[in-house]
Amino acid sequence: MVKIAFPTEEDETISAHLGAAPYFTVVTLNDDGSTTLERRAKPAHSHEPSERHAAGAHQGGHGAAMLAAIADCQVLIARGMGQPAYERAQAQGLTVYLVAERTVSAALAAYRAGTLRSDPRRVHRHGEG
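Just so you know, the numbering used here puts 1158 at position 101 of the sequence shown, and the rest follows in order with no gaps.
Simulated from the structure, these hints should not be mistaken for lab results.
Given the structure is predicted, the values throughout are model-derived calculations rather than measurements.
Among these hints, one or two may not hold up.
Stated by the list, open to error - Distance windows between CB atoms, simulated:
no.	residue 1	residue 2	range
1	S1091	Q1140	22 to 28 angstroms
2	T1085	G1171	15 to 21 angstroms
3	A1170	A1122	29 to 35 angstroms
4	D1089	D1176	31 to 37 angstroms
Glycine included, each C-beta is placed from N, C-alpha and C at the ideal position.
Please work from the sequences and hints to get the whole structure.
The following block contains the structure:
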């Protein structure tokens, strides 16, 4: 069994920024070949992707709380995230994919086919570009 977390919007759209997503969609790939899907509320992170953070906003506990919601997952598939969140996710033991796919179904199909590729350029430092 593998649990895969996707930071998502209201539907199956993968959020452009991990911190701005209101939900995690968790897909469980069961050993018998079946799939289950669950939507979990993600602890709030009150900024839009285009807004800058206050100084030190990524140093505190909100990042840890955000990832605690997916502590039972092994994989995190996102479209983009800041460097602190990326490092925290890896330290938590998650295999992180940063992808161009915009929907859960497209990213999941590529993951299952073994063709999903991670782009490290999708990790950004806050305060840059």
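Exercise. Kindly confirm whether 29 to 35 angstroms is satisfied by the beta carbon distance between A1170 and A1122.
Key: Hint holds: Cβ distance 33 angstroms, inside 29 to 35 angstroms.
Quiz item: Would you say the C-beta atoms of T1085 and G1171 sit inside 15 to 21 angstroms of each other?
Solution: Hint holds: Cβ distance 19 angstroms, inside 15 to 21 angstroms.
Quiz prompt | Consistency of beta-carbon spacing, Q1140 to S1091, with hint 22 to 28 angstroms | solution = Between S1091 and Q1140, where Cβ atoms are some 36 angstroms apart, the hint is violated.
Self-check item: Status of the given 31 to 37 angstroms range, CB of D1176 versus CB of D1089
Solution: Between D1089 and D1176, where Cβ atoms are some 32 angstroms apart, the hint holds.
Checked against the numbered hints above, the structure violates only hint 1.
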